[in-house]
Every structure is written in structure tokens, then in C-alpha cells.
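Engineer: Sequence:
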Amino acid sequence: MSRYALLFGSAPENFRQKKLSDMHDFLVSGKGGNWKEKEIIEFPNGLNDLTFSFTLNSLHEREYDNVLIYICTQKPVEDSDESIWLGGEEIRKEHISFFESNRGNTSVQVIYDSCCDFISDESLGYEKVSE
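The numbering of the sequence shown is my numbering, which starts it at -4 and goes up by one.
It is worth saying that the hints were derived from the structure and are not from the lab. A few of these clues could be false.
In the SDA-like style, the derived pairs of lysine to any residue whose C-alpha atoms are separated by at most 20 Å in a straight line are [said to hold, decoys possible]:
1) Lys70 to Phe38
2) Lys13 to Gly27
3) Lys70 to Glu85
4) Lys26 to Glu85
5) Lys26 to Asn61
6) Lys31 to Lys70
7) Lys70 to Gly27
As the structure is a prediction and not an experimental result, all values here were calculated from the model.
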């Protein structure tokens, strides 16, 4: 079975939302399906609309049995919202809808969540990369 998880957050730089970190930990656990690190990509600090679309389009070109898209904003996302906000950037939900409707036999699961509880990358053991 081939699968891929995209975890999108909206934390300030050098931080992550606790729920985003919890989702990652759940996926790699036995209860979450023992996902491999190479099957998961995280964008903890948001991204712009162009990069979001590019990321989904690059998945569109590959064959996966399952794709999980986890989106953790700072405030709840309503069904009627046309956009979501990740790291201060507006992302149009139509990109997600297009991706979902054009995946053929791929199972796509989209989860919207919200969290304002931030934890530092340093406390999670991530090292800051010097420029």
C-alpha cells in the first residue's frame, strides 16, 4: 500500500502547533498505522497559495492508494469558508476540492483542525539551522 500524509500548520517561525505535533506522533505510532517518516511531510509554519498548489499538484502526478491532508489553522474552519489561513497566508479551498475530485482510485482524507497551543521546535529536539 502506498500512502502519503501532508500536515499543514500555522504556527509562528520556530514553533509548531501542539495538535500538529500530536498528529505526526499518532501517524508514526502503531495506533496510527506505523507511517514511515518518508511518507509524511510537514509545513508547520504555513505556506503561500502557490506552494500549497504546487505541493498538491506534485502528488497528483504520483500514484498513491491513500493521501491524508491534515490542516491545522489557528481558528476553526467553517464549511462555508472559501479560504483557510496558514501562517498568515490565504489558501483557497478550491485547490483541495480539485485535488480530491481528480484522484481516481486514490482515497483522499482531509481533516481540518484548529489549535493555538504552540510548542517550540527546540523543546521538541529540532535544531535551528544556521544560515
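Engineer: It remains to establish, for every hint, whether it holds in the given structure.
Structural biologist: Okay, the hints, checked on the actual structure:
no.	hint	in the structure
1	Lys70 to Phe38	holds, 17 Å
2	Lys13 to Gly27	holds, 17 Å
3	Lys70 to Glu85	holds, 13 Å
4	Lys26 to Glu85	violated, 33 Å
5	Lys26 to Asn61	holds, 17 Å
6	Lys31 to Lys70	violated, 29 Å
7	Lys70 to Gly27	violated, 25 Å
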